[in-house]
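Single-letter residue listing:
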Amino acid sequence: MRNAWTIAKREFNMYFVSPVAYAVSFVLLVVLGLFFFGSFLGAANFGGAPDPTATIGPFVIIMLFSVPAVTMRLMAEEQRTGTIELLLTAPVRDWEMVFGKWLAAFAFAALLIIVTLVYPFILNQYTTPGLDRGALQGMYAGLFLMIAAMLAVGVFASALFANQIAAFFLSMGILVALWILGAVLQSANGPMADFLNYLIFSRHYYDNFLSGAAELQDILYFVSVVALFLFLATRIVESRRWR
Amino acid sequence: MIQVEQLTKRYGERTAIKDLTFHANRGEIVGFLGLNGAGKTTTMRILTGYMPPTAGGGRVAGFDLIAESIEVRKRVGYLPENVPLYPEMSVVQYLDFMAELRRIPKREDRVDEAMETVHIEDRAESFIGNLSKGLRQRVGLAQALLHNPEVLILDEPMDGLDPQQQIEVKKLFREVGKEKTVLLSTHILAHAQELCDRIIIINQGQIVAEDTPERLNRQLAGGDRIHVMVDGDGTGLLDTLKALPGLTRVRAVRDGEFEIETTPGRDARPEIARVVVNGGWPLLEIHREALSLEKIFIELTKDETPAAEAAA
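Going line by line, the protein sequences match chains A and F.
Note that our numbering has the first sequence beginning at 3, numbered continuously upward.
Note that our numbering has the second sequence beginning at -12, numbered continuously upward.
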């Protein structure tokens, strides 16, 4: 576990050495700023309460594309340059490396999420009696969980390739698929459709968390996605042993 | 320290190494010699716990290679081929990172010590990506020495170093080789010959010869080669030499220069010198050269030569 922490620290620091972190944060904050400005103006001009979901919705959509950018390097680069050999001939277990990488990505994404708290904070200043705290907490708790799950998908994709672009597209593909599955399945029914419906990210997020109602099954869903994809990533790293 | 038996690794259909059995003792520098693709790197990756063998096994630093891989890794320092390092980290950042993974307490100053050992302390703050190949090699070495390992496994450690650096690195290996077990691979014979207490020659995944450099030379080369040079064109000397007993081959290299191969275990120089001088040829030079490992190596790694026979 301590090794995972050591690796996470290094990886987190590396985000600020590479331009990816700055590019992602820049795009994210500019776009969210525009959305916020629009919704804030709208509320001011036409009346009605400004809605904190006005920035959360776009945030999640941007993350569908930003998460792959944040995770693509993590494992792929180690495999491309061969540094993974020095890491795994040190007394480090495969899962510790995978978990450490994910943890670093999560810490970075958490930082982004925390920065977006500025929008509800501003809204809160301009509304009486202020925003619904419970709903806001639910939204943000859900956000952390969902992003954690997305990042695990990204780490998995990155473990599959020694090429960052390939890792980027695969994780984006999985994330978008899990996102839009709902639209595809609208008219489908039966156990398979139920199962696929259960897999949809947005359903677990929008149906409950966004209204502030954190359900245990949704929490479990995201935690399981993290566990499953990190497990798969570890198996891929281990596969060098029997290839 | 290192004891492996019947180590075999297959990648799908291809067998990278087959039934390797060898050992290396404490205080011994063992050279792993072979052409590129002979299976050196695969063997080293198995010994360092990067991957398990398909069959066979062994012990490194007292622990089982497969069952106690983590314990083995704690006691082994490894320098992989091409020295993969993080280019975006500084030397000291990287070494601190590895030291943390290896649980070396900060107060022990091992990072500073390791940097001093390989003479890189003045580049501590440089980014690894900006270092020359030779300097990166040294950072890799520092990393391998950080935890003061009992066993050092070095894959092509001389690669990319200039002659001056090679001399320094060799000195360093001799130093650490006194109390540690060093296994190093190379495809350059001179390095192995100069540095190693014992050489294991590996070809197509199998050990084809194993001995001290001197014994390998003697045992495999068979005899000596003697060069004779006389003033003038040495007319008639060739036939005179050919008449001598115990010489396996005599040939004229050019006018006045002859090359003579002898059967093992006898020095033919006094006799040759006597014949030349008595015959009135002005002797300029006579010297013996042991057949080089180079020749043995080429002999051993010839595809059509069954390895065991060549070694016998």
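Honestly, I wouldn't trust all of these hints.
[Said to hold, decoys possible] Taking beta-carbon pairs under 7 Å as the criterion, some of the chain F residues facing chain A (in silico):
#1 P67
#2 E87
#3 L88
#4 G266
#5 L270
[To be verified] Sample of chain F residues facing chain A (criterion: CB under 10 Å; computed from the structure):
#6 K61
#7 L66
#8 Y73
#9 M76
#10 V79
#11 M85
#12 R89
#13 R90
#14 P92
#15 Q130
#16 H134
Honestly, the hints are just simulated from the structure, not real lab data.
For glycine and all other residues, C-beta sits at the position ideal for the given N, C-alpha and C.
Hint check results:
1. P67: Hint holds; F/P67 Cβ to chain A Cβ min 5 Å, cut 7 Å.
2. E87: holds, 5 Å
3. L88: holds, 5 Å
4. G266: Hint on F/G266: violated, closest Cβ of chain A at ~64 Å, above 7 Å.
5. L270: At 57 Å from the nearest chain A Cβ, F/L270 fails the 7 Å test, so the hint is violated.
6. K61: holds, 5 Å
7. L66: holds, 9 Å
8. Y73: holds, 6 Å
9. M76: Holds: closest Cβ of chain A sits about 8 Å from F/M76, inside 10 Å.
10. V79: violated, 13 Å
11. M85: Holds - the Cβ of F/M85 comes within 10 Å of chain A, reaching about 7 Å at its closest.
12. R89: Hint on F/R89: holds, closest Cβ of chain A at ~6 Å, below 10 Å.
13. R90: F/R90 check passes; min Cβ-Cβ to chain A is 8 Å, inside 10 Å.
14. P92: violated, 13 Å
15. Q130: Nearest chain A Cβ about 7 Å off; hint holds.
16. H134: F/H134 check passes; min Cβ-Cβ to chain A is 9 Å, inside 10 Å.
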